[in-house]
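Colleague: Following the hints, put chains B, C, D, E, F, G and H in place on chain A, whose structure we already have.
8 protein chains.
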Amino acid sequence: MVDISMIMGSESDRSIANRAVAVLEKSKYTYEVMVISAHRNPDELDSYISDSDAKVFITIAGLSAALPGVVASRTKKPVIGVPVSAKLGGLDALLSIAQMPPGVPVGSVGIDNGANGAYLALRILDLIENP
Amino acid sequence: MVDISMIMGSESDRSIANRAVAVLEKSKYTYEVMVISAHRNPDELDSYISDSDAKVFITIAGLSAALPGVVASRTKKPVIGVPVSAKLGGLDALLSIAQMPPGVPVGSVGIDNGANGAYLALRILDLIENP
Amino acid sequence: MVDISMIMGSESDRSIANRAVAVLEKSKYTYEVMVISAHRNPDELDSYISDSDAKVFITIAGLSAALPGVVASRTKKPVIGVPVSAKLGGLDALLSIAQMPPGVPVGSVGIDNGANGAYLALRILDLIENP
Amino acid sequence: MVDISMIMGSESDRSIANRAVAVLEKSKYTYEVMVISAHRNPDELDSYISDSDAKVFITIAGLSAALPGVVASRTKKPVIGVPVSAKLGGLDALLSIAQMPPGVPVGSVGIDNGANGAYLALRILDLIENP
Amino acid sequence: MVDISMIMGSESDRSIANRAVAVLEKSKYTYEVMVISAHRNPDELDSYISDSDAKVFITIAGLSAALPGVVASRTKKPVIGVPVSAKLGGLDALLSIAQMPPGVPVGSVGIDNGANGAYLALRILDLIENP
Amino acid sequence: MVDISMIMGSESDRSIANRAVAVLEKSKYTYEVMVISAHRNPDELDSYISDSDAKVFITIAGLSAALPGVVASRTKKPVIGVPVSAKLGGLDALLSIAQMPPGVPVGSVGIDNGANGAYLALRILDLIENP
Amino acid sequence: MVDISMIMGSESDRSIANRAVAVLEKSKYTYEVMVISAHRNPDELDSYISDSDAKVFITIAGLSAALPGVVASRTKKPVIGVPVSAKLGGLDALLSIAQMPPGVPVGSVGIDNGANGAYLALRILDLIENP
Amino acid sequence: MVDISMIMGSESDRSIANRAVAVLEKSKYTYEVMVISAHRNPDELDSYISDSDAKVFITIAGLSAALPGVVASRTKKPVIGVPVSAKLGGLDALLSIAQMPPGVPVGSVGIDNGANGAYLALRILDLIENP
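Chains as they are written, first to last, in the working numbering: chain A, 1 to 131; chain B, 1 to 131; chain C, 1 to 131; chain D, 1 to 131; chain E, 1 to 131; chain F, 1 to 131; chain G, 1 to 131; chain H, 1 to 131.
Since the hints were made in silico from the structure, they are not lab data. None of these values were measured; they are calculated from a predicted model. Where hints are given, some of them may not hold.
Said to hold, decoys possible - Quick list of in silico lysine-lysine cross-link-like pairs, DSBU-like style, CA-CA up to 35 Å:
no., chain 1, residue 1, chain 2, residue 2
1, H, K76, E, K76
2, F, K76, G, K26
3, C, K76, A, K26
4, A, K76, A, K28
5, F, K76, F, K28
6, D, K76, E, K28
As the list claims (entries may be wrong) - Beyond 10 Å from chain B on every Cβ pair, some chain E residues (computed):
no., residue
7, E11
8, S12
9, R19
10, V21
11, Y29
12, D46
13, S50
14, S52
15, D53
16, S64
17, T75
18, L88
19, G103
20, E129
21, N130
Claimed, not checked - Computed footprint of chain C on chain A; a stretch qualifies when at least three of its residues, placed anywhere within it, have a C-beta under 8 Å from a C-beta of chain C:
no., region
22, 26-35
23, 69-81
24, 102-112
Heads up, the beta-carbon is just placed ideally off N, CA and C, and yes, glycines get one too.
One chain only, chain A, in its complex shape (with noise of 0.2 Å):
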C-alpha cells in the first residue's frame, strides 16, 4: 500500500521522475515509482491502476505524452502530470498533458519539473490528514 504512485512513460524519464522522488523523500509519505508506457504496454498499465491503492497518481512523459491521460480515464483519484522535454522544449508534452477533454482532467506542472509534481501531490495528502 501506498500513498502516492509515480508513474513515468519511458526509461529515459528517469531523471525528471528522481526531482520528484528527491522531495518525496523528505515526507512521510509512501511511494513506489513505475515505468510503464501508455502506448507499448496499456494492458499492464490498465492492471496496474486498477490494483493500486494510491491516493494520487503523478505520472511523468514526454513527447505525446498520453501516460497521465490514459491514467485519468483508468482512475477517480487526482492525476498530476509532468511534461518532459524530449523534442520541442517540452511543448509537445505540456499541450498533450493540459488540453484533456472536459471530464477527465490531468493538472499539468511545468515541463521537467519533477519537484512540483511532488509537491502538488503532498498538498493533496496533507488535505487528507488536515481536511
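Modeller: Quick look at chains B, C, D, E, F, G and H alone, frame taken from chain A:
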C-alpha cells in the same frame, strides 16, 4: 466486416469526419464511423478495436488527441490520425498525434484534413489489391 | 465555510468560470466564486486567501495569469489553474500558469477548460472523504 | 525489386534514416535507401519514383521538407514522412510534411522518429500479406 | 511573353493573388496569373515553368506550400514566395517557403502579403532596366 | 537610498543580472541587487518594495516570471522586466512579463537582455535630471 | 511642447492607440498622436523625433514593428512599444519590439495593450515630478 | 563600385555572412561586406545606403532584425534578408524580416541560410545580364 474503421474522439469532430466520409463514399471500400473517446470510454474503445476486422483505422481527435495513439497501441493495423483544431489552431492535436514513441506509429495528416485521412487509407487499401 | 474557492482574475473570465460552476452545481460540495486580480488587488487577494478555509482553490486567469501562482504562494492547499484564451489562443496563460518554480506548484488544466478545473477539484475532495 | 523505398532529402538526414534501417533490418522485407533532394534533383527524383516498384515510400527531410509531398504527388503508393530537426526543433519540417493539400496525402510520424517511419511501413506491408 | 509569372497553388489563394495584381496593374510590366498546384499538377507545373519566359516568378501558397520551392528548383530566375494563412495563421506556409535548402533560394515576403510579392518583383524588374 | 532596485527571482538568474550590473557600473547612478522570489518569498518581496525608495525597478525572472508583475502591482514606480530563458527559449517568461492586464504595466526588454534592462532604466533616470 | 509623443506605424493601429489616449485623457500630461511609418516614411520619422521635445515616446506597431526600435535609436528618451496583433496573434510584433540589441532598449507592453503603454508612460512622468 | 552589398547588423552575424561570401566568391560578381547596425548606427546606415551603387542588398540580422526593413525603406533596389538564430531558434528574426508592411518588400530566405541569400542575389544579377 469493413475495410476502414473511422473513429472520432467526440461528436464535435463530426464535421472533419464528414470530409473523410465524402472521399470514402466515392470509393469501392466499406467503412464504419464511430464516436468513442479514448479518455472517457477507454473500455469501449478497447473492446471495439479488438473486435474490429478493419484493415485500416482513421482516427480523428482534437486537443490532447490521445485517440490515435491508443488505437495504435491496441492494433497492429495501420493507424492514420487527423488532428482537429479545437484550440491553438490545432497545433496541440497535431503534436499529440505525430509525436508518438518509437514502436507505436501513427501517420498524421494535416490539421482538419479529414479528406487526406481518407485518401491515405485508400492508398493503403489499393495496395492490398495490387501489391 | 466552503469546500472550494474559485477565483477569477477579471470579470472577463466569467464565462470560463461558469463552466466550472456548472460542474460544481451537480456535486455535493460547497463553493464560492470571487473576482480578485492578483495584479490590481494584491492586498485584497492576500487577505482573502489567509481568511479562507477552502480546501481547494480553482484559479482562472488569462494573459500573464499570475493569479494561480500568487494563490499557491499564499496557501498550502492544492491550487488548480485554468488558463483563459485572451490572446495568442491562451498559450500565454497556459505557460504562465504551468511554468511555476519548484516549491510553489500549480496544476494547470487545459485552455478555457473550466469544467476540468472543477472535475480535478472534485477528485481531490472525494479523496478526503474516501482516502 | 524492393518492398520499401526510403528516400532522404540530404546526406545530413542519414542518422535519422539509420533509425529506420535498424527497424527494417529486423523485418523480412526488402528496402533500399536513396539520397535525392526534391529541390536540388527534381528530375532524378521523378525518374526514380516512376521507375520504382516499391510498395511503400518512407521519406525523410528537414527544413521546408518538400520531399514527402513531391513523392506523394508522383506515386499512388502510401507515403510516410519523417520530419528532421534541422532548425526550430523540427517544427518547420513537421508542418511542411503534415499540412498537405487534400488529395495528396502524406502520413507524418514524429520529429526525428525514423523508427516509427519504419514501423508504420511494416504495418502496411504486413497488411498486404494478411489483409 | 510576360515579365512576371504569378502562380498560386489553389483557387482559394485568389484573394491574396489579387493584392499582387492590384500592384502590378499600376506598373508598366506585363504579367500572367496561373493556378497550378505543385502537389496535384506537378507535370503541368513543370511544363509551364520550362515553357515560360517570365523574368520573375511570384508564387502564392498556403499550408505546406511546396509551390515556391518547386518553382525555384525548375527555373534559374528569381522566385518570390507569398505564404497564405490557411491554418496556424500562416506560420506553416511561411516556414515551408522560407526554410529552403542551400542552392534553391526563395525570397519570402510576409503572410498574406501579396502586395509585397508584387513590389519585390517590380524592384527586380526596375533593376533590369536601370542596372 | 538607491536610484535603481534590481530584483531577480532566483539565484539562477544571476548571470543575466550581471549583464545589467555591467551597464549600471559605468553610470553615475546607485543600485542594489536583490534575490527575492515572488512565489517563494511573497511577504519579503512586499516588505522590500514598500520600504524601497528606488526610482526604477529592474526585475529579472524566468519561467512563469511573476516577479515583474507583482512588483508593478506593489509600486507606482516604473518597472522593467527582463525575461530569462530557462525553458522554451524564454518565450514563457517573455509572455508572462509582457502580457500584463491594463493598469499594471511592465516594460519588457528582450530575452536574457539584462543590458537593455539597465539601459532603459538609465534613460528614465536621465530624464529625471533633464526633463 | 508635449510630455508624451505617441506614434503609430499605420492608420490601422488607431484603435489600439485610442486605448492609450483614453488613459492619457484622464491624466494631467499633454500628448500628441502621430501616424508615421518607420518603413514608409523614414525621413519624416527622423525629422519628427529630432524636433520633438517629448519626454517619453509611446510607439505602436504591428507585423515586423520596426517603429519602436527606430525611435529608440534616434532618441535618448525612454521608448515604450505596444505590439499590435495584425498577424499570428501579434507574436511577430511582440518579438520585433522586445528583442532589441543591447544599447537600444525598448520596453514592450502586452499585445494590443495600448492602455498599459499609457500607464507606463504616466509612471515615468510622475517620477519626474516626484523623483 | 560593387554588384552586391552585404550588410550584417552585428559582428556576431559574421559566421552566417561567411556562408554567403563562400557562394559569392565562386561567382563573377563583386561584393562588399559591411557591419552596420540599423539600431546603433542609423545615420551611418543611411549614408552608406544612399552612397551605395550596389544593385542588390543582402542583409543579415538576428533578434528584432530591423536592418533588412530599414535598408528596404532607404533604397529602391531589391533587398534580401537572412534571419540569424540568436534567440528562439531565429523565429524572432524570421518574423521581423518577412512581416514587412505593404510597399517596403524584403525577400527573406531561411534561418541562418546565408548561402541562399547569396544564391538569390546571383539569380537577380544573372537576370540583369540575360533579361
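Colleague: Confirm or reject each hint.
Modeller: Now for the hints, and whether the structure bears them out:
1. H:K76 <-> E:K76: Holds: K76 of chain H and K76 of chain E sit about 23 Å apart, inside 35 Å.
2. F:K76 <-> G:K26: Answer holds: K76 of chain F to K26 of chain G is near 17 Å, not above 35 Å.
3. C:K76 <-> A:K26: holds, 17 Å
4. A:K76 <-> A:K28: holds, 23 Å
5. F:K76 <-> F:K28: holds, 23 Å
6. D:K76 <-> E:K28: violated, 44 Å
7. E11: holds, 16 Å
8. S12: holds, 14 Å
9. R19: holds, 23 Å
10. V21: holds, 28 Å
11. Y29: Label holds. Min Cβ-Cβ 36 Å, cutoff 10 Å.
12. D46: holds, 23 Å
13. S50: holds, 29 Å
14. S52: holds, 30 Å
15. D53: holds, 35 Å
16. S64: Non-interface label fails for S64 of chain E: nearest chain B Cβ at 8 Å, not farther than 10 Å.
17. T75: The claim stands: T75 of chain E keeps its Cβ more than 10 Å from every Cβ of chain B (closest is about 27 Å).
18. L88: Label violated. Min Cβ-Cβ 5 Å, cutoff 10 Å.
19. G103: Answer for G103 of chain E: holds, closest chain B Cβ roughly 28 Å.
20. E129: Correct as stated: the minimum Cβ-Cβ distance to chain B is 42 Å, above 10 Å.
21. N130: Holds: least Cβ distance 44 Å, greater than 10 Å.
22. 26-35: violated (count 0)
23. 69-81: holds (count 5)
24. 102-112: holds (count 10)
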